[in-house]
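J.: Here are the chains, one letter per residue:
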Amino acid sequence: MSLLSIRNLTVRLGRAAHAPAILEDVSLDVQPGETVGLVGESGSGKSTLGMSVLRLTPPLLAEGTSGEILWNGQDVLKMRGKALRQLRGGEMSMILQDPMASLNPVFSVGSQLGEALKRAGRADLQAAAEAALAEVNIPSPAERLRSFPHQLSGGMRQRVVSAIGLAQEPKLIICDEPTTALDATIQFQFLELLRALQKAHGMAMLFVTHDFGVVARICDRVAVMYAGRIVETGPVREIFRNPRHPYTRALLAAVPSTREAPDRLPVIDGAPPSVGNRPEGCAFHPRCPLATDRCRTQPRMEPQAPGHDAACWHAKEVAAA
Amino acid sequence: TAQDDTLVIALPTFSEQTMTPWSGSGQRKTYLDLVYEYLVYLDGDGNAEPGLAESWELNEDGTQWTFNLREGVPFSDESCGTVTAADVQYSIERIIAEDSRAGPASTMRRIIESVETPDDMTVVINLSAPDFLLDTGYMGEAQQTGIVCRSYVEGLGEDADTAPPVGTGAYVLETSVEGSEITLTRREGDHWRVSPEWPSISFRAVPEEATRVAMLLAGEADIAPVSFDSIPGLEEADISIVSAEQTWSPVIRLGGIVQTDPARHNPDLPWADVRVRQAMNYAIDKQTIIDELFAGQGTVANGDTPVQAWADVPPYPYDPDRARELLAEAGYPDGFDMVLRTFATTPGAELPLMAEAAALYWADVGINVTIEPGDWPSIRSEWTSGEAWNYAMTHRGFPFANPENGVEAGFSDRSIFASFTSAELEELLAGLASETDRDARRERLTEIGQYIRDEAGAVFMVLANEPYGVGPDVGDWSIDTAYVYNFDQAGRAE
Amino acid sequence: MTRLIVGRLAEALAALLLMSLVIFLLSRVTGDPVALLLGDSATVEDRDRLIEQLALDRSLWDQYLTFLGNALTGDFGQSVAAGRRDALDLVLERLPASMSLAAVALCFTLVTGIAMGVLAAITRGSAVDIVVRIVALMGQSVPAFWLGIVLIYVVSVNWGLLPTSGYGTWQHYVLPALTIGTFTLAAVTRLVRASMLDALGSEYVKLARIKGLSEATVILKHALSNSLIPVVTFMGAFFATMITGAVVVETVFAWPGIGRLAYESIVSRDFPVIQTVVLVITALFILANFCVDMLYLAIDPRMRDRG
Amino acid sequence: MSPILSTHGLGRTFRTKGGPLHALTDVTLDCDPGRSLGVVGESGCGKTTLNRLILMLDTPTAGEVRFKDKPLAQLTTNERKAYRRAVQPVFQNPYSSLNPRLRVRKIIREPLAANTTMSRAQIDARVDEVLEAVGLSSRDADRLPAEFSGGQRQRIAIARALASKPELMLLDEPVSSQDISIRAQILNVLKDLRDEYGLATLFVSHDLATVRFMCDEVVVIYLGRIVERGPANVICSAPRHPYTQALLAATLSADPDAPEMATRPQGEIPSPLAPPSGCPYHTRCPHAHDLCKAQRPQAQPAEGGGTVACHLVEQGGW
Amino acid sequence: MIQKVTFYAALGLLAMFVLVALLGPYLIEHDPLRGSLRARLEPPLWAGGTMEYPLGTDRLGRDMVARMVTGARISLTVCVVVIAIAGSIGTAIGTLSGYVGGWLDRVLMRLVDLALSLPVILLALLIGAVSGPSFGNIVLVISLVLWSQYARMSRGETLRVKNEDYVDLARTSGLGHAAIIFRHILPNIAPSLIVVATLQVGVVIVLEASLSFLGVGVPPPNPSWGSMVADGRSYVVTAWWVSLFPGIAILLVVMAVNIVGDTLTDRINPALRGRTA
Ligand SMILES: Nc1ncnc2c1ncn2[C@@H]1O[C@H](COP(=O)(O)OP(=O)(O)OP(=O)(O)O)[C@@H](O)[C@H]1O
Ligand SMILES: Nc1ncnc2c1ncn2[C@@H]1O[C@H](COP(=O)(O)OP(=O)(O)OP(=O)(O)O)[C@@H](O)[C@H]1O
Ligand SMILES: [Mg+2]
Ligand SMILES: [Mg+2]
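Chains as they are written, first to last, in the numbering used here: chain U, 1 to 321; chain R, 1 to 494; chain C, 1 to 307; chain X, 1 to 318; chain B, 1 to 277.
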């Protein structure tokens, strides 16, 4: 059984049936111990998906959420109060995008880490906190516990946030672009750390990013999002080597590399649609070189290869190209 | 209130809240009159009655007064013993001293030459000019010459102004909280003059009239001065209204017509012409103003101060046609523009309202008024700076216990406050000053009143009452005239 | 830290100096107190003597410098109107009443404003939110004197629950504090609601939820603690509003505070008292702002590390 | 051929509460006609400061910037106008670089009206021309920036820069705020324009891959100092400085089977307020030894072209 | 949804008040300054009054309807003039302070702090005592209080806008300071200032009322809503209509303006939410 199974998740801006949808009919599974990458351009709904799983979306979106999010077979969307709190932090955790903003500026690192450790039922909070900081490679942890967030560098903050996220030894950790705000060298170190921690704790990870480099480095499987839908999922190598959705293929081609300098980069014309203006049918069709009339109706996710699904009427042609 | 034996009186202000007679204004008499007593008291008609002085006489030409003191009146402080001539002499000398801030100090200083004490119980006051009304005018309860204990005050030196006062009154000061509350308690034993029913009396300083009315309604205050407009509401709530009758005279004074002082005279003003002044008097329906703004509590004024000798001087009737006629004759058929400055005092909250009412009526005869509200100190200091002003102002005419003083203050160029003078009037006043016969003086005073009325020396409005709201716990209490406070005689209801 | 305090002190002195000059000049051009002190039938000589006594015949500069020199030695002169009382004594005597009223009013505004702000923020966009904001706004749109009088008539006269006016017991504080506090209520509510909304949408509140903390802890500890920082910055301004409002409210409720003293001294042109009162109020304001800064340092660790 | 623009020992020290902050130290570089120079470094290394100094938005505390061999400070009014025409910037954030209250036409017209004697009609014609050059249409000239997406805004910013026919374009991370699909579009536009007009470019970025695509030569900056310079292909395939190597290792390639680099980044970036003594990189360098802590290495010509400032390279490798 | 409805309701209400103020003289039958003492304190129609005076009369028998309408005119004029004066002075100082920076900024901002510490009402009383209450004085005094808000806001906003790249770009184009301030800065800080202005309408009206209470407000007989409430305070029990109607008018305008202001803040610049007035 999947650890996390998202079924037909739709998130609208409000309860009304005609309200614009940020996420539409999204289904995704995460198996124990596995790392799933969620890639997509800005505004495609990655964060909304991540936050929906932990029920962290603002009231407007919470009202407009439908579908199922099954955690060990139980629907997260139906949980309330204690069960939800048990889930958050305890079994599932999250590392947010902005290390500058995720720590409360008025409390010390120790107190914020302590809150999480206390919930995990640790006895000696001080020692546990020190150990937790040491685990994320923070030098002189005892001192750092007394620091306030503004006294730490961005990389260190992000590591503190991870320590908090991991404090209760969750089974799944959702990372929402945790490295976007970091410098390249610091990002590299943080990714390494994350991977090591994941291995050590045997967690599953849902890693949200827009960077294919990051996906390539740490993920087992990838889901590509476009305009609120997952358009393609599959094992990492499969997706990189053999993309079946024209969007995935174009995106991969558009990434510059240090190894070669082509004269021009292959491009996708136009820009991703905003939430209110998504086209009928396949949202990518206005930008797609392969688009036909058929694309005005919504394609379904179809298996392309073992574990590899894509939602495109022309998947075969993409494969052939 | 009744159950706790304290009579609560809400006053608009404590003024300086100093405790010696000479260290501030007469407004403090509200509470000081319970402590200090006077040589002379007044009956209902304003005639002199014995006070700390049992009897008194004056010499032929009115320049020497001899007061015989009452025996055995004890001060509230035992060390002071009973009232002696030395105490009285000191009290008088103190009130006319240079640093005295008492209202009548400067005129008293002018009149009184020396005070002598031939024996322990006799005080002789020598005057520099005749004064036939010294008893009620300066030594009476309407003024500020309260008798203090000499040894006590001298012993305190500079601090006397703020120390607990020692007098012969029926009450002694218990506490005085700056700007908030003054409490007095009844002295032990019988008092020679009054037999107070309230064990203690507490004064509260409550500047806002609406709050004072609320205190009466809520039973928190037993007595409070109120405005005329509050009367109907209070009566509905079974609060009775006690008025001091015709004690003050709201009036409109005109600038620049001190004709005998070139600096204070501006002949170009419309009202430099007597016909215009008369027209301004005719144009206002004063009775309606009394009925509506003063709740009927007053009579149409014939002068700027209540003077008995003027009882037969007829006030100007309401006659707008006559007013228009006079204006036309004076060369203002279409009227003119003018500025009327106004301010509120306590009591005297009605003055701005009265200004607006006068403006309403004047507009009917073409006089276009711009009202400029201000405050009394600035208007007064401007008015008294010795120049000719081209505006009019509302004024709370002063009720002088001695009417001659009032006349002099308003209509003699010797007074820095004068608002109208003429050579003729100065002569009339001089004549009055030199007259020594009582009845003749009265006649001359009436003549002066008639002259001022005919010349329309001001726009006379109302001889108004001063209403107090009195709560149900107070039994018998009445007040005769302004500046005479008899809270020590307030009764308790059953 | 020392530099901060020294700098503050220098600023405060400059402000006081400037204020003393402004007040001095303003009060002098408003006419002199002589006319008021003179009896009704005073003569020209009487007037001149009094002017000399009060030293009003000297040049303005001379008067100002004398005043300043004396003030530095703690001598603010004697009241012209109230006997020969020390102006400073008069003011200090009235200070406790004003300060305690301001304190109670501030507590009232803060407690109510914060509660209402939090409520509005967590029910954002709902009818509750709108009702809370309108109620808060009503306070801001009713002139204090009118509210005060209406409260007196309703609560004291009609219901007989509280004393109408005066000073002394705790009951006396309720209505005036309510009246003064109501005016700033809308501002506090608005501020708390806004910063609460910011905080509730912030990443650190999300993180607190991710940790699985209870909703009460999330709102009252994590969100509120941050929302209070802007409230603290505005506290100096609230204090100023309270002192200013005091002139009106102290008049209505017969409260023996410095607001009324100031008003009365202006009416009677009691220069020494006017000057002292205004300077004391300014000093108080500066002190309040200083306290706010210190408080700020205490609750916002980010501030502590700035020079 | 003389460079259009050159910097000589350029330095900028900010006075801050925490003491002097050396944002940029001793930077010397040339921008030759038709060449494109890349400047790479991580956040806070001084890239934007360099840009601002060149644009006269800030004044250097050491060294100088020269326009065609004449120091900026000595330009006459006319030369200054010429300079402002010749050097045009495009900034990173397209949302902040267009005044939201001005229509596109006005935005593009601004530098022309200020620095040329062109007539209104000529200017309008030029506006239409540059809009088309960046792939927008002349109809877009009468719209407000809010009506455009981020990518389109960046094109408007580029059009604005192009309008006065510049000789050098200063590009401060022009694509780092863009999505992948848009990023490629903009990079292509820039490259096309550069080739078409023979523009020189100074391209500032934190991303080695983008620099590799855009530039001929690359300068690597660490803590305000140039640590290495050389041809783009050398820097991106066989860097000599340990920092450049770490940077290259950290530039993740979109390929799950990409080989791991030998030198991996480690350690924290030191605060610019308390920069390390000696070689600024020694706190993070796996090969650092005592000399690195004591003495600052000088730039030395290196194998493959360009220069490297590293004791070890100087001593013949590690 | 509820928010939208309240917003439009508030906007409609404001429009109505402005219309009344503009059309004032054409709407009323009675002279607002003239009354008849015989008809003083007449109750409103439904409380036993007559058609002649639908909202009753005041203490001098002047028609409440006429005074309310004229009061709208005067009160709103005071608001507009004060906000225009305080706004332009404050904005000028704040913008300059933020744009120039350095010691000028420090000095000007201290001045703003000092302005905040002015015991406003006392100053108003003093100034009122110097030259008597007049429309000009009220405007002066209230402007003296309010300019600092604009100065603070415009300084902060200028600092924000100054850091926007388009200002730097304008500088690289060789634009002068004046051009930059007028073309790039002012238009972009204007929306925030407009929000401050809307939120200050209430403050102005209520402050004017307090000044009237202390006797230095709009001079009689001209009515402002504030002075009408002040005049009517002694009649809260006996003739409630004298203060209640202008009171309600103030309440409605202030609330409407605040609702509009709040909504504008949300739309124009949510970062300013709650940080104003
Ligand atoms: N509370 C909200 N109200 C209105 N729109 C929202 C809300 N939350 C998200 N959206 C919109 O939904 C879309 C998806 O947002 P989301 O944050 O999930 O995107 P993302 O893929 O995480 O983008 P990014 O890479 O920029 O973080 C965006 O267009 C965003 O504007
Ligand atoms: N005006 C200033 N005052 C003080 N310090 C400054 C100022 N401007 C920049 N700095 C500092 O100078 C250093 C270099 O800044 P700069 O903006 O040039 O970096 P950058 O390389 O552009 O960084 P990024 O990639 O984050 O844009 C930084 O440490 C920065 O904090
Ligand atoms: Mg996101
Ligand atoms: Mg930069």
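Bear in mind the hints are in silico, worked out from the structure with no lab data behind them.
Keep in mind that the hints are not guaranteed to be accurate.
35 Å max Cα-Cα, derived DSBU-like pairs, lysine-lysine [what the hints assert, rightly or not]:
id, chain 1, residue 1, chain 2, residue 2
1, X, Lys68, X, Lys191
2, U, Lys316, C, Lys221
3, X, Lys191, X, Lys17
4, B, Lys4, X, Lys68
5, X, Lys17, C, Lys221
6, U, Lys118, C, Lys221
7, C, Lys221, B, Lys4
8, B, Lys4, X, Lys17
9, U, Lys82, C, Lys221
10, X, Lys81, X, Lys165
Each pair of labels, with its calculated beta carbon distance range [to be verified]:
id, chain 1, residue 1, chain 2, residue 2, range
11, C, Leu220, U, Gly202, 30 to 40 Å
12, U, Arg7, X, Lys17, 33 to 43 Å
13, C, Val128, R, Thr370, 43 to 53 Å
14, C, Leu56, B, Val80, 51 to 61 Å
The following residues of chain X were derived to be distant from chain U, with all beta-carbon distances above 12 Å [claimed, not checked]:
id, residue
15, Arg101
16, Ile182
17, Lys191
18, Val211
19, Asn233
20, Arg284
21, Ala299
By construction, the Cβ of each residue, glycine as well, lies at the ideal position given by its N, Cα and C atoms.
J.: Check the structure against each numbered hint from earlier and tell me which ones fail, lowest number first.
T.: 2, 3, 4, 8, 12, 14, 16, 17, 18, 19 and 20
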